[in-house]
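Asker: Below, each chain spelled out in residue letters.
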Amino acid sequence: MTLALDLSGPQATPPVPREIDPGLPTGDRVFHGAARTVGVFVLVLTGSIGLFLGLQSIPTFQHYGLNFLTRSEWQPAIDQIGISAVVLGTIEVAVVALFVSFPLALLTAVYISEYAPGRLKSMLVSAVDLMAAVPPIIYGLWAVFLFQPHIIYVARWLHTYLGWLPFLHVNTDPHAAVWEQSRYTSSVFVAGLAVSLMTIPLGCAIMRGVFAQAPIGEREAALALGATKWGMVRTVVLPFGRGGVIGGTMLSLGRALGETAAVLLIISPAFDLKFRILEAGTETISALIAGNFGDASATQLSALLSAGFILFVMTLCVNTVAAIFVNRSRSGAATEI
Amino acid sequence: MSATQQMPAMPAPGSVSEAQTPPVPRRVSGRDVDEWFALAGSGVGSLALVWVLYENLLALSGTLGFILCWYAAFLLTYAGVLSVAHPWTVVKDRVASSLFLSGAVVVGAGLLSTVVYTFVRGMAALVHINFYTQDMAGVGPTAPLTQGGVLMAIAGTLIEIGIAIAISLPLGVATAVYMTEVRGRLSKVVRTVVEAMTALPEILAGLFVYVVLIVRLGYPRTGFAAAVAISVTMIPIIARSSEVALRVVPGGLREASLALGSSQWQTVRRVVLPTAKAGLATALILGVARGVGETAAVLITSGASTYLNLNPFQDPMNSLPLFAFNAVRSGQDLYITRGFGAAAILLVLVLTLFVIMRLLARGQVRSR
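So the protein lines, in turn, are chains G and V.
Its first residue numbered 1, the first sequence is counted upward by one per residue in the numbering used here.
Its first residue numbered 1, the second sequence is counted upward by one per residue in the numbering used here.
All clues stand as given, with none of them false.
Straight line, CA to CA, 35 Å or less: simulated DSBU-like cross-link-like pairs of lysine-lysine:
| no. | chain 1 | residue 1 | chain 2 | residue 2 |
| --- | --- | --- | --- | --- |
| 1 | V | 277 | G | 121 |
| 2 | V | 92 | G | 121 |
| 3 | V | 277 | V | 188 |
Note that these hints are calculated values from the structure, not bench results.
All chains, full assembly: derive it from the sequences and hints.
Answerer: Printed below as a string of structure tokens:
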């Protein structure tokens, strides 16, 4: 009885063909929509920073014209604003930082990946990660109060014996009985050294990641052919990791360009177009913004935003090139920081 | 013993006589007694040499310079000592390995001295209870360390980072879910832009928020503005690290869940996110560690109060990095000590986060 009733049910309605692609259930459609919305929002938010800075710099270029790029003085009081000295200072600090951090990051990365024994290795990896997490302000304090009083002796030595190189010259007499210590402080050199501390862990982590992926077969082949450890490192590990070394170094450069707090603590502002890295006084874009935003009029704020835009473009270019190098060097897990 | 020692060329089986020593594998790393002596001897010898020359004969000064000279002299002596008994290849290898070691030592010393120095300089302020329980309202610049403290900065940091987490964690994780699970047409663009923005200088994030919120919208400088600036830098970091965490969730788990009839939302909520829990926590802590130390962005968005302000939507707020920054710039000795104290608290905060992150990461490895 009941069986007959059940069978008669489907026969009552005409057969509907099964839907091959029923589409997403409502819940999933909402989920997809929400996730897409957030993704697009983050895209717009982060992308708009660059767009916004770019748009804001239009009035500046209208007001100051190309002089904005070529002039060096920053004197809002008499409406004379130029960015060239600041851009030069930014690049100088970053280059000095790179000069110090590149060899140290490379040596440390090779040591960790090739020489360090097991337990020390994981400790060192943690230490480098920790170093990346230490706030920049703390490196700034360290550089100003502990490091600067010692490094000025090295700066004076460089000036005394290599002062004939134009960029190591300082306008003071290094042989004076009481030498002017203050001429050697607050310089690009000291700022660059402080920034290098922040860029070392970044470069080191990426390089180590790439070195660790050097194929074990090729390492053993080098050793089996009689190579010393250094021979193995030189012929297998370093060539294999070249992309990571370049990429990691450029990522550190990108970081160094935008460093603010430590640089602001160390340098004394000066808007001269000069290459003398040991001499007191320089200015970087980020320090300029942090130091001058407060009492800026509308025009000056726009000028600061244009400076920010230049910094943005610089870091973006450097980081994009770095990302290409790192991705090309067959390293997937090496880019997390 | 030495790297160039000849190995017997493939002894035929059974031909090894008792007089012949069995082949010893070549040592690739490590040192024997001979080399330890060479190392120690070069170290002491170069120290003595530089001791005599430096300041006395060459009239140089400065501790750092002394160490640099000693190091250069050591490398030369070491190479010389080794070249007496070893061929050039071995000398190069040993010198290279000590170079690599010294690179690591310098980096380690930099980190260690930073941490230790911050605590040593801040200790005078850190030992007073009032440093943690009072604010700086009405405390003069020359007031002794038994008066005033950084309570407002601690509270400000916690409030700002709390708001920043509330904003950036959902947005960051949702973006990561979009990039790995939903995968629309735009996901590639989102990934590229997010990746580029992880390197955004913090000052630009601060400037962006300053101009949009404070100059254009006329919003006052508050803790909330600072929190927004912090989250702008935290979102890309969290999104990128969570994406990595979600990507390592095995595809088989997703397929099993979908095959059992659950929708994609259920799969993400009940399978993917719980599996990647530890990775997501790491991403969060990575973002927080960056956000907590943010100085430049906070400097231009929050203002700096000297009094305890628990309302992020009204009046300026202080935070630990900002307080440390302003304190050391003041030039007052006692204030600088307070600044170092604040920096030390900040460092403890970061160290704690770091240890938690390590433990989580270890748990993740073990559970796999």
